[in-house]
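Sequences listed follow chains A and B, in order.
Heads up: the first sequence begins at 1 in the working numbering, then just goes up one per residue.
Heads up: the second sequence begins at 1 in the working numbering, then just goes up one per residue.
Source of the hints: derived by calculation from the structure; they are not laboratory data.
Glycine included, every Cβ here is placed at the ideal spot set by N, Cα and C.
You may find that some hints are simply not true.
The list that follows gives simulated cross-link-like pairs (lysine-lysine, BS3-like), each with its CA atoms no further than 27 Å apart [to be verified]:
(1) B/Lys9 x B/Lys40
(2) B/Lys149 x A/Lys137
(3) B/Lys201 x B/Lys87
(4) A/Lys94 x B/Lys195
(5) A/Lys176 x B/Lys230
(6) B/Lys283 x A/Lys109
(7) A/Lys137 x B/Lys255
(8) B/Lys149 x B/Lys40
(9) B/Lys291 x A/Lys206
(10) B/Lys195 x B/Lys207
(11) A/Lys176 x B/Lys291
(12) A/Lys109 x B/Lys276
(13) A/Lys137 x B/Lys153
(14) B/Lys291 x A/Lys109
(15) A/Lys206 x A/Lys176
(16) B/Lys255 x B/Lys291
(17) B/Lys283 x A/Lys6
(18) B/Lys291 x A/Lys137
(19) A/Lys6 x B/Lys291
(20) A/Lys176 x B/Lys40
(21) A/Lys109 x A/Lys206
(22) A/Lys94 x B/Lys276
(23) A/Lys206 x B/Lys283
Some chain B residues close to chain A (C-beta under 7 Å, calculated; not the full set) [claimed, not checked]:
(24) Ala111
(25) Arg163
(26) Leu257
(27) Ala258
(28) Val274
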Amino acid sequence: MIRDPKDLQRYDAGERANHWVVGISFILLALSGLAFFHPAFFPLTQLFGGGTWARILHPYIGVLMAFFFVLLFLRFYRLNRMTDADREWLSRAKEMIDGDDHNMPEAGKYNGGQKMMFWWMTICMVLMTVSGIFIWKAQFNVPVDLARFGAVVHAAVGAIMIALIMVHVYAAIWTKGTIRAMWYGTVTRAWAKQHHRAWYRQMTGK
Amino acid sequence: MALQSLDIKQRSATTTPAPQARQTIEIAKLIDVSACIGCKACQVACMEWNDVRDEVGSCVGVYDNPVDLTENSWTVMRYSEVEQNGKLEWLIRKDGCMHCTDPGCLKACPAPGAIIQYANGIVDFHQENCIGCGYCVTGCPFNVPRISKKDSKAYKCTLCSDRVAVNQAPACAKACPTGAIQFGSKEDMKDYAEKRIADLKERGYDKAGLYDPAGVGGTHVMYVLHHADKPDLYSGLPVNPSISPLVALWKGAAKPLATLALAGVALGSLFHYVMKGPNEVSKEMEAEVEKEDAP
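For reference, chain B alone in the conformation it holds in the complex:
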């Protein structure tokens, strides 16, 4: 949905700069994985606030339910059981859009204004401009966008842009009973994370750290991880996410250059005609053939 109360920083398939006069602060959601108890209140709050209801599935033997993100489930808890330092650890990660500073989805999108990045860092899908091609899926390094089977539009977490626009925290952060989901300015969230990381280190997690991957310019959803050196322990959180070089190649300088080359071929043909003239059958040839054919 379009939100006029938030300033736009970037717009998909748009080659001119967005308005930049107003300077607003960047926000972020901080997910402290070490404080998460896996209650799924965030999933419920997300469904409720955004009016999305997934199909009721069936238990597949693990806590993950639904098992994956869908067009109706914009956040899911992912549970992984791993052994670290000879102990079983139950790592629970709230998965969803990371709101990258350099969003691969926005870069890949061919529809003007279907994907918006607000000045505060939120990356939002505007379904009314979405054409349903699925290119955002190829652009995303976190495997987040989902195309609806009903309307072929792309959906994902909006970071509750409608709530943030009126100075409210996202629904998931509001619902979290343990304070594992914090929301505020990106700077404040980094400061808060630092304290949490110091605490974790004191408790023996000496590799504890902040997940704010530089490969995508940082994110506006960050994690505090007990094992920041092994993000992939957390149900395959990418170690060093970045936009695929194929997408960068596909959406980079190659296309404007190819467009120029095509214009060159068209104009080259025109000027060839103008300068060399048409390739006509010569009068001599016509006369020759006529003579040959004469009875």
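So that you can see chain A by itself, here it is in the shape it has in the complex:
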């Protein structure tokens, strides 16, 4: 959908669909995972048809997410290489959090914070997938010490991942004009110039 012919294309249809598959899987995994994390969240299993169904479904959704995360990773890792400008951006992130990004160092398609998020999520996904295999009793039978270790890693990294995604989602809500990039792929020129000036220049030649 082109709302204004001057809008800039940030994501194509394949990228958007891929991101949504990962996002939906993540929400289902977080809800069912929290149910096993602490008794306070156990009622969440009702969303999946009860405790046994939540236990059965969770790892398969995990496999789905891991697969589509790899695709997402291959699409975006080149754009997420850290540069000196990103490090400069990160050292001044406080100004950004304070609510004004007009004087921040110029960011390309992604700023230093987004790149950090990308790599943190990648590390988390690797740890979650491997530790998840260790505790997938129905499919794999690993030595009990490995399962014990896997359970601790899975719970700890799971909590970190939920926190990271909260920050990821909040950043998109906070920065107005961002969510539409996830829905139909485009952003306004003014949005690009304010938040990602280097990318704006690259896209417009200005």
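Since the structure of chain A is provided, determine the placement of chain B on it from the hints.
Quick look at chain B alone, frame taken from chain A:
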């Protein structure tokens, strides 16, 4: 199965206290390894009372049959041939759930009410609440729970909680022809063990003693061992069993704290929005871009 006639002391994945008004005594099963002849009557009685039948396997060259605990074999005899003081000794241990005072399975279980500890000390699995995750296996320091391949539920010795609830001794104790399996209050069992240990010491087993490991708060299945200083002689009975520190870390204070931290991130984001406002494209920027783009 749920047994209303027994008082509950602890329930898995439950953070509030169980009813505590009634005070009942702790029971225990005492297995006198020195009196066991390895006849497997206890295994048969267990199968019969509990209506479980394991697959008929094949002889693997030793007496152990079946070779391991399964979802259908809640107790097995383990035979080990060891040399002690220059003599061959044939040590036979009836293996099964130890009914720990501090049960690792119950601690690890994420399903409310799937694992119950009764006030009398019996730790019971309630399969109707079991979700089949296998966490109890990681919690157990004795490698006892087994997940069924048929229904994915966890099974183990119930200490015949259904019999004990109506003042009957467990089926295995009832069937034992030599009196090697005794059943009664935990205090009585300790007294009985003391006499047996004194007798064994008199007969030259000066390291004879009671296996009631403190690392799990004591157990409600105890052994009289001729070599209490070397429990591992008895087919790998753990010397000092305790819940793995990994399980304690995983199920301890870390999770409530992590939950608070997550709530903090969510609320922190909300209040950031409320206090700093949205990060909007400024009017100046919009005007600037419009001017640039003007033909």
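* **Numbered hints the structure breaks, given as an ascending list** => Numbers 1, 4, 5, 16, 18, 20, 25, 26, 28, in rising order.
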